[in-house]
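Engineer: Residues per chain, in single letters:
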Amino acid sequence: MVNPIVIIGITLASAFFIGILQAYAKVWARVIFILTLVFDLLASGIVFYGFLSGELARPISVKIGGFPPPIGINLLVGKAEAAMAVLIFSVAFLGAIHWFVKGLPQPEGKAMVLFLLLSLGATGITFTGDFFNLFVFIEITSIAAYGLVASSRTKGALEAAFKYMVVGSISSTFILLGVVFLYKATGSLNMMDIAGKLLGGISSAVLALITLLILSGLLVELEVFPINGWALDVYQGADPVVVALLAGAAVKAFYLVFLKTAGFLPLSSFFSLALIFGGSTYLAGQFFAWRQRDVRRLFGYSSVAQLGLLILAAGFFLNSALASQSRLMIGAAIVLLIFNHSFAKTSLFLLADNVKGSNVEDWAGTLRGNPLFAFSFTSSVFSIAGIPPMAGFWAKVLLIFAIPRQYSWAVALILIGALAEVVYYFHLYRVASQGEGKEAGGNLFSPFVSSLLLVVSVPMVWGIFSRKLSIPLNGQVLLLLGISLGIYLLGFSRPLQWLGSLATLGYGIYVLLPHFKPDLSGFFLALVLFGGGALLIATYPGSKKLPSTFYPAYLVVVFSMAGVVLSSTWLSLFVFWEVMTWSSFLLINMGEGKKAAWLYAIFSAAGAYAMLGGIYLLPSLRIGVGKVPGLLPAVLISLAFLVKMATAPLHIWARDAYGESAHQFTPLLSGIMSKMGVFGTALVVVYILGVSSNPVFRYFLGWLGVLTAFFMTLLAVFQDDLKKLLAYSSVAQVGYILLGVALGTPLGWSASLYHTVNHFFFKALLFVAAAGIIYRVGTSYLPQMGGLIRRMPLTFFATLLAIISLAGIPPLSGFAGKWLLYSALIEKGWIFITVVAFLASTLAFLYCFKILHSVFLGQLQEENFNVKEVPLTVALVEVLLLLPLIILGAFPRLLLDPIDKVLSSLPGLSPAPIHYGRVMGAVTKLGHWNALFLMVFFAGSFLIALVFFAITSARIRKVGQLDVGYSGEVPRSAEDLHFGYGLYEHFRKAVGWLIYPLVTKVWKGIYEGINALAEMGRRIYTGDVNTYAAYVIALSIIILYIFSGVK
Amino acid sequence: MRKWLALAFLILLGFFLAKITSAFPFGVESWGVSKHYVDKGIEENRGSNLVTSIVVNYRGFDTLGEVTVLFLAATALAFLLATCRCRRRYERWEASLIVKAASETLYPLLILFGAYIFIHGHLTPGGGFQGGTVIASAVMLMLLAHFTFHPNHKALSTLEGLAGMSFVLIGFAGLIWGGSFLANNIIPLGQWNRLFSAGVIPLIYVAVGFKVGFELSGLITDMMKTIKEE
Amino acid sequence: MAFFVASILLILIGLYAVLVKRNIMKIVIGLSLMDTGVNVLIISLGFIRGRTAPIVNVKDLLVNTSSKVVDPLPQALVLTAIVIGVAVTAVALSIVMLMYSKKNTLEIDEYKELKW
Amino acid sequence: MWSKIFYAFLTLLGGIAYGLLLGGISRKITARMQNRRGPTVWQNFIDLWKLFRKKTAVSHGVMFYLAPMFRLVGGAGTFLLVPIVIDSPYLSNFSFGGDLIVIMYFMVLGCLGMALGAAESGHPHAPIGVTRGLSQMAGYELPFVISVVVLMIADKTATVEGIVRAQQGGILHWHLFTHPFAAAAAFISLLGMMTSYPFQVVLAPQEIAVGPPTEYSSTFLSYMFSGRSVFAMAKYLLFMDLFLGGAGSLLEAFAKTFLVFLWPLFITNVFPRFRLEQSVRFFWTWPTFIGLVDLLRISLMR
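Residue numbers (the numbering used here), protein chains in the order written: chain A, 347 to 1393; chain B, 7 to 236; chain C, -4 to 111; chain D, 22 to 323.
It is possible that part of the hints are untrue.
Listed next, the in silico DSBU-like pairs over lysine-lysine satisfying Cα-Cα at most 30 Å (straight line) [what the hints assert, rightly or not]:
(1) Lys97/C with Lys231/B
(2) Lys49/D with Lys71/D
(3) Lys501/A with Lys110/C
(4) Lys177/D with Lys1271/A
(5) Lys63/C with Lys9/B
(6) Lys46/B with Lys54/C
(7) Lys97/C with Lys25/B
(8) Lys110/C with Lys46/B
Hints are computed from structural coordinates only; laboratory data are not their basis.
Can you make the complete structure from the sequences, with help from the hints?
Structural biologist: Here it is as structure tokens:
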């Protein structure tokens, strides 16, 4: 067991010793410096371990000078303090290593002393049990920080240091005054002693004022809005190593003191103070960062925001009116937040040190070809943004679910801020991952280690909290996710990765076999696993260009979808949902359109956080348990699913995300991932809304679905990029599915579930074919193709059948969905929706023809003369997906019968009211349809006609492609003859006003509006030290005035 | 405008400060924890100067921090100014003969006086900080008077570091033999009102005195010497 | 009472300089003044009318000391506070020196590059 | 069953013949209105035979080859799915194969085949014509769908037989009179469907021979023609069933389809040609509004 005083004593002694040594033996000074940090780290680790192992049950009080407190000063070290010391010294150690590699500022001996004393000061702040001693340590920390901030001696650094010094001095003056007054008022300086005297709460106005004086001093150090201008300047101007130490360690120590002070001086208005200042700081930080072009200042805003969140949490943590269970949860959240933010920010700031230039644009391409950099950056950003599986996710969840219902506005605030955070962090991510690969500095040890800590902590954190919050995560799925990540190790060879992935997927199917039951989960699970497997086969071509992270991410998407459908609670669904979202984000980001991935990130995050808010409002976390009051939870939860389905007006991410994601991934995105939205909406309709209640909302959903179908179809008609066209088409089709789900009748659901599967078949087929075509032709721009039927007959045939199915023309499989849907609509009597649905499906013919014509028909362009048929794996998958289109066309019951079983397993639903006869085929109350007959009739008469034709026809003379009767002229080139550009220009003249990009403009307007507000808001940071000081004074006056009212 | 706004802020702040202080009537007895120091101070520490007892023993940890702060300031200053290309705004005039001669005379006396102050810190007003300051003022006097006066910087910082370390070591000695860090029971406390009394208090104060003296001297030297002549 | 008023006034005057003065040196002086004000306030808080300094160098003081001396604790605290004030001022001055060496001016308007 | 197929085949031949005849009649009438003599009403038969007997046929590829079969089978399928005489064991043909929804979608198959073949020919006019046709279809589909939905909702059935049965019991029970607005909308959209004036820009017969499939000739074109005429018949039959009360006998069917056939013919010869965007706009405004009247009525009455 180590006495905590030893940590302080040894550090001090070696600081003095380094002061001597630097003049004689520089190397030894360095050795002592590192050894001291190592010793401190170990010692504090031992103390912390003592608490963890239960050897130390209660906080230890170390008396100094031989007198018990309150006569002498004591150290008060509990679990939190020990952990904080570990944190401080680990960050210090990492920073020191980074410093050594990078080169210490000169004279280095003194720099090391300052560095050591800064970490010592922070530790002292944490450990001390005496208010005046606290002040002394605050000053040690501050003075060391002033010196270190100025250490790079640039203009910015000096300016920042000066501002820091002025504001810091005012703050410490407040603290000193408060401490002295406190002594006068209570006759003691010892924290525990005073706390004992104030046990019943602060009752006198004077004591309240004194407490507020101390608190407002601490709030300055905690970088509260609007008195945090100095902090931002420091983050921007100072040496990143110093900033890492300040943001990662010192400020956290101040936070701990803030907590302790507020705990020992129990002020009744503290709760509202923390909520107001925490909340405003959090929001201001997150939104002002939007306009920030300097990366370090951006990180600064983010740090400020995180501190705001911590202060907010402190309010709840210290509110004794809350249940102790929730307070414990919030405590855990605070610990996680601190841990998470400290290491992530350390990593980020040290990474920033490796990038030349300070602007966001200077980061362009830094992630490319720098795997260590990319790993550190990605894991840090994911941590801060609170994306599972990182620890930051748990912090957010614990915090939110511990907040009682009457403060749900605080939950909303937290979620909105989290969304704003995604916006600017992923903007940076987008910039960093695009463009030409760029050399970044190689000083990556420390950022790598600190982000590695974040990653390594994941299993532990999950182990602790998923049980505590009773989030049962499917163990098999977790295992599969783990194996998927392991595929990365095969990164040296793409074929091996491909094979490994196939094997993993096969194993996954084997493992999850018991879950293939005739219920909703089993239905979607089959779609996910078999569909994902089939599409995986086609990823093989072009794999040279794929990054080695492709296959792991692909598998993670597939298995997290399995996790989503197998979830039994909303929260575990949310977890897998997030994993799916963000791994797919990585995949979309691998394509060409980085802005697409950014938009996807924003909309997905908005949906996900809305869903989290909705889950928060639910009475029970288990799916299908408890009566849900009101419509709000349902609306919020379904937002996430609507985003994934890209339902208008949440669709604007979809075009580019589908169009510009990695070609090998798009089939999965469209064919299966968008169906997760269907799954989710289905859950909402069945378990939250109820299939027969809330008709108005479901009618609204129906309109959303049909309008999506209509407008996306219209947009597809005018789209000239193959993948983007398919993207719009995909979104439109999912709109139909949503419509069916919204109907809430067995027939409607039958239509939706049928179309879900069938849409997978034909749309995946189309996207796979598109991938093959683009791979061969080298472009996805439709007017540059044409005539490819001569080179890719198989792909043409496959595409033709897929298109017939897509258009819903009998006798192929697509018609069943249409027939069921219209039957359901007419049965339900949603007349106007029916009309629009019909019209939309007519419009679909326009783009269907466009695809076929522009790619395969017309004139083969000269540059495509040497194009070959798509690669073998793609062709194989095409055939695989083609067969069900034909088989289901003849025997739709192969799919409809399982769907009936699924429907009978759902509350409120029953098998679709379809009677099957031998002659009439499928018969409903409304109409009938004999699929097999149509197929046989069509195929039979087609064959007869063909044979008859072959016998009777004239001698066939095959002619070259240019040989057409073109007004008597001899056409010169295929390009002249091909009608490729502006295929529906005349139609655009008629209906162009319908596709005015209103939604895009509205979203853009919202974005610009927030930006303008943020710009206005951040102007308060004038950079003028007088102004900053005035803010401090003004704010302290306000605090003293408002919160001193003692009840 | 700015001025009036500032005044308004300050008046409000002053109002709150006044409101707090008005709760503590001026010059009226109100003992807190320091009643123990006053009543038991002599018995426990044998130091006549109760303030010193508090500073060095009861709240010795504060003083260690204080020494650290000073050390920190000196280090930070030396660190920052080491690479400063600071220039003087005005030409510097050499001091007159009288000043030179007088300062040379006062220099040893001042150092002696400083030493006296910190050696008697536990008996009389004053102590390590005060004595150290007096010593530093002697150095400053010489620096001002003589262009050619160069204190040995290396020696200064070495001694200063040693003094600081000895403070910490005394603290550790207390921890090892006396049961707690900076405990004042490792050497006999001695008689009241004697030079050799009060246990480790004079030892610490001597260390502090040296430290502060060397520290401030170094600090002043750094500030003056980094300014380059034109 | 006058001590209280004077010390608070000192604090406010120092703060006024920090809030209003556009010269860096004046701001540093303001901070110093503020420190002094706080120190005076601390000392005067420990004062008890009619008592002597807490130095027990005569026999008479040995008994019933607490009724004869002023509160020594504020004095001890102020000692620390003074030293800290000095340290802050020293660092502040060195920063100011560096700033001046960079830009050859002490006007605060020249030091507003970091903002927003 | 085999007899059913046999009768269906006979009906099909009859349908083709009647369709060709109607085409001839329309050419004759048009010519007379333009003070021309015009071809004989049998001209279409002659053309067909001539094409069928040609010695060589030019082919541009597989899809080009298959398209006429598509066209013929699509047209024939649609024709056979619409019951000619209700409750007749043979003349209701294959109407058991599907209801109105099935028919509406099956109709597209033939057009799709034709479009693909035409497009593969590599002639730029082909895709121009096809895209025009599709756009126009998007235009007229709206009023047509409105009226179809009105009927389906009103009769609570989606089968053609059901709709026909709902109109039995006198001329005033015809949907033409019970739902005049829906019927009006549908009949206006029929003009578009038949690509007759003023909606003829799709075929552009003055500029291009035979419209989009302009590259087709000889046997190929004969199949196309047969497909086209039987397809036209299918539409006439459908309109008869939907609005004119269906047919109780073959004769009634002849008469009523002839009535339906006359309607576009009258319009054709008095109007100039719309540009494409004009026709789409037209369909999405006037007939749509007219149809909406009945749609609103239905939705309020429900």
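Engineer: Give a verdict on every hint.
Structural biologist: Structure-based check of all given hints:
1. Lys97/C with Lys231/B: Holds, at about 18 Å.
2. Lys49/D with Lys71/D: holds, 20 Å
3. Lys501/A with Lys110/C: holds, 13 Å
4. Lys177/D with Lys1271/A: holds, 9 Å
5. Lys63/C with Lys9/B: Violated, at roughly 46 Å.
6. Lys46/B with Lys54/C: This hinted pair holds, its Cα atoms lying about 15 Å apart.
7. Lys97/C with Lys25/B: Distance of about 44 Å is beyond 30 Å: violated.
8. Lys110/C with Lys46/B: Distance ~55 Å between Lys110/C and Lys46/B Cα, so the pair is violated.
Violated hints, in rising order: 5, 7 and 8; the structure is consistent with all others.
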